[in-house]
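Asker: Each chain is listed here by its residues.
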Amino acid sequence: MKHWLWYVLAIAVLSMLGFAPFQGTDVAKLKPVEVIRVSTDRGSMFVETDTGDIGVGMDAASAFADLKEKASGDIFLETADFILVDPMLAGKISEFSTFLRPACSVCLEFGDADIEAVADFLTAHKPELTLQDIAAGAGSVPALVVQEGRMRLVQ
Amino acid sequence: MEKKENYPGEISDENICAIFEGAGDFFVRKLSCCGFILYAYAIDGLVSGGDISDYVLKPIAQSLQGDTVQKLYDRALDGTVYNAVADRCADLDAVALKLVNGFCVVLFPGAGAVAYEVKTPEKRSLSAPEVENTVKGPKDAFVETVRSNTSLIRRHLRSPELRVFEMQVGRRSLTNVSVIWLEGITNPHLVAKMKHRLQSIDIDGMLSPSSVEEYVTGSRPTAFPLMQYTERTDRFCQGILDGRVGLLVDGLPLGYLAPTDLGDLMKSPEDRGKDYVSASAIRILRYGAMLISLLLPGVYIAMATFHQEMIPLELLRAMIESKQSVPFSTVVEVLGLLIAFELLQESGVHLPQAIGQSVSIIGGIVVGTAAVEAKIVSPAALIAVSIAGVCGFVQPNRDFAEAIRIWRFVLAGLGAVAGLFGVTAGLLMLLVHLSGLTCLDVPYLSPFSRIQGASLLRKPLRQDTQRDPQLRPLDRRNQK
Chain L
0 MKHWLWYVLA
10 IAVLSMLGFA
20 PFQGTDVAKL
30 KPVEVIRVST
40 DRGSMFVETD
50 TGDIGVGMDA
60 ASAFADLKEK
70 ASGDIFLETA
80 DFILVDPMLA
90 GKISEFSTFL
100 RPACSVCLEF
110 GDADIEAVAD
120 FLTAHKPELT
130 LQDIAAGAGS
140 VPALVVQEGR
150 MRLVQ
Chain V
0 MEKKENYPGE
10 ISDENICAIF
20 EGAGDFFVRK
30 LSCCGFILYA
40 YAIDGLVSGG
50 DISDYVLKPI
60 AQSLQGDTVQ
70 KLYDRALDGT
80 VYNAVADRCA
90 DLDAVALKLV
100 NGFCVVLFPG
110 AGAVAYEVKT
120 PEKRSLSAPE
130 VENTVKGPKD
140 AFVETVRSNT
150 SLIRRHLRSP
160 ELRVFEMQVG
170 RRSLTNVSVI
180 WLEGITNPHL
190 VAKMKHRLQS
200 IDIDGMLSPS
210 SVEEYVTGSR
220 PTAFPLMQYT
230 ERTDRFCQGI
240 LDGRVGLLVD
250 GLPLGYLAPT
260 DLGDLMKSPE
270 DRGKDYVSAS
280 AIRILRYGAM
290 LISLLLPGVY
300 IAMATFHQEM
310 IPLELLRAMI
320 ESKQSVPFST
330 VVEVLGLLIA
340 FELLQESGVH
350 LPQAIGQSVS
360 IIGGIVVGTA
370 AVEAKIVSPA
380 ALIAVSIAGV
390 CGFVQPNRDF
400 AEAIRIWRFV
410 LAGLGAVAGL
420 FGVTAGLLML
430 LVHLSGLTCL
440 DVPYLSPFSR
450 IQGASLLRKP
460 LRQDTQRDPQ
470 LRPLDRRNQK
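Same order as they appear, the protein sequences are chains L and V. Going by numbering that gives the first Met the number 0, the first residue of the first sequence is number 0, and it counts up by one from there. Going by numbering that gives the first Met the number 0, the first residue of the second sequence is number 0, and it counts up by one from there.
Quick caveat, the hints were computed from the structure, so don't treat them as lab data. Hints are supplied without guarantee of correctness; some may be wrong.
[Claimed, not checked] Okay, derived cross-link-like pairs now, DMTMM-like style, lysine to aspartate or glutamate, Cα gap no bigger than 25 Å in a straight line:
(1) K28/L x E313/V
(2) K67/L x E308/V
(3) K30/L x E372/V
(4) K125/L x E308/V
[To be verified] Computed list of chain L residues with no C-beta within reach of chain V, every gap over 12 Å:
(5) S38
(6) D65
(7) D113
Cβ atoms here follow ideal geometry from the backbone N, Cα and C, with glycine treated the same way.
Between the sequences and the hints, there should be enough to build the whole structure, so can you do that?
Answerer: Spelled out as structure tokens, the structure:
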């Protein structure tokens with residue numbers, strides 16, 4: 000028992016000094032993301048979140064890495080419910096499943112939706128296709144059409 | 000074991016008075032009987048003055064006749080001095096022991112001394128158990144007087160095979176200790192082991208429960224109780240009937256039962272007051288509560304710090320939102336709340352009951368609510384710690400619940416350091432620790448070692464025909 004106490008004490012000291020092999024992030028520091036928009040312009044890929052953070056890169060990996068690096072705080076993508084994808088990137092949707100959870104719903108975005116307001120609309124209308132479905136090769140991707148500020152989901 | 004003589008020398012007035020020299024409550028009465036001088040000794044407060052007059056002095060003055068001191072002594076022993084108990088004192092040690100146990104010792108100079116039992120009837124009357132509440136069971140609980148306790152046991156277990164072995168423990172306190180078992184059921188090895196442990200105790204005083212538990216079980220480095228205590232006579236007697244060894248200590252309103260395993264500590268005497276379906280369901284609930292009490296703070300810290308992806312989304316968002324204005328990390332929050340909870344409990348124990356309840360209400364509800372509203376702690380952390388605390392109160396044995404409280408801190412610390420990996424490692428440590436514990440050679444985890452999962456539940460009494468085989472009882476069957 001005494002040996003155990005020494006081990007526990009050593010681990011606690013290491014942890015307090017920041018040398019522990021396990022580094023956690025307190026839940027309070029997380030910036031939970033609900034909606035992600037992925038777009039492209041002049042060969043670059045842009046990843047924008049409803050928390051107001053943006054990442055840029057030549058591909059999905061670098062764009063998401065840039066997003067995490069530049070974000071003010073620890074951006075937490077595991078809470079993302081919806082991903083809005085530029086129709087020009089429709090062929091690359093399966094790549095996003097590496098960074099987002101499989102149950103994240105996918106829409107192709109036609110028009111320019113207000114990213115902070117779109118979550119309520121999508122929560123109410125529930126796009127049926129998820130990243131997991133796309134990885135399994137099922138169904139066609141729903142479209143979010145924005146005309147004159149009004150949104151419409153075409154399943 | 001050779002008996003150590005504390006007071007050498009012959010039994011004489013000088014030697015007896017020398018033992019109690021300076022003791023204000025010790026008194027000597029010189030008696031004249033048939034022309035010879037006798038001496039009566041007693042300790043005021045331990046004896047009844049009326050009983051000494053009626054059952055010692057009066058018969059000596061009126062009935063005792065003889066032409067030598069030896070004849071007076073012999074007749075005093077054979078019943079002329081009518082008293083229920085008349086013991087011959089072999090040496091000065093016996094005289095001293097009888098006096099401190101409420102006897103009146105009459106010295107017949109040159110012949111010997113006789114001790115008559117004239118104990119004062121002053122003692123706490125029987126009352127209902129205060130800690131182990133009873134709904135349907137008997138309401139008589141143990142008191143501080145060991146003889147009252149043995150009489151209570153005899154009233155529940157009228158078997159002539161009930162054995163009570165008495166001895167004194169403690170060089171200074173001379174505490175009367177009784178080992179109780181049922182001949183023909185309890186394994187003699189268990190009884191012998193218990194007696195040996197008691198005989199090997201050489202301390203000044205055996206006055207507190209911890210001195211009983213630590214000396215009898217061997218001061219193991221564990222927070223888990225290795226002896227079961229109860230203030231309920233029905234529970235004690237059931238333990239004796241099961242083939243366990245009982246221990247009563249004068250001055251403690253408790254009965255101890257050994258051996259003990261984890262299964263015994265999870266049983267409540269109320270289980271036998273209910274039908275087996277309800278009792279089994281409640282017992283499962285108790286095990287669940289134990290796990291929640293042990294794990295919830297650690298798992299909460301681990302998930303909030305390392306494994307946020309495992310938390311359901313809506314809950315996670317609510318947690319993050321509620322944590323935004325809280326200045327402390329989850330680890331500090333939960334550990335702080337656990338410490339505050341312990342402080343509240345401790346203050347409740349030391350305060351009078353009425354004030355203790357007020358402190359609990361103020362501390363638990365008012366301060367808790369205020370802390371959440373002031374955004375010092377998040378509601379989720381408060382709920383996690385509160386649920387763990389409440390689940391701890393479900394355990395029938397307080398010592399066991401306290402051990403769980405200590406390990407709850409350990410697991411919370413490990414969860415803070417290494418997440419669920421740490422909690423799992425801590426659980427394995429706990430399992431190894433519990434596996435190494437034994438009480439009178441019975442493993443602590445023995446209820447889980449058998450392939451009898453149902454033994455954790457309360458069996459229908461008609462099917463509960465066998466005593467626990469781990470106790471190796473002489474008679475395995477407890478009914479036809």
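Asker: Has the given pair, K28/L with E313/V, been kept, meaning a C-alpha gap of at most 25 Å?
Answerer: OK: K28/L and E313/V at ~17 Å, within 25 Å.
Asker: Closest CB-CB distance from D113/L to chain V, is it above 12 Å?
Answerer: holds (20 Å)
Asker: Measuring Cβ to Cβ, find out whether S38/L lies farther than 12 Å from everything in chain V.
Answerer: Non-interface label on S38/L holds, nearest chain V Cβ at 25 Å vs cutoff 12 Å.
Asker: Is the hinted pair K125/L and E308/V satisfied, with a Cα-Cα distance of at most 25 Å?
Answerer: holds (22 Å)
Asker: Beyond 12 Å from every Cβ of chain V: is that where the Cβ of D65/L lies?
Answerer: Nearest chain V Cβ is 22 Å from D65/L, so the label holds.
Asker: Do the alpha carbons of K30/L and E372/V lie within 25 Å of each other, as the hint requires?
Answerer: Within the cut-off at roughly 22 Å; holds.
Asker: Does E308/V lie within 25 Å of K67/L when you go C-alpha to C-alpha?
Answerer: With a Cα-Cα distance of about 16 Å, the restraint between K67/L and E308/V holds, given a limit of 25 Å.
In this structure, every one of the numbered hints holds.
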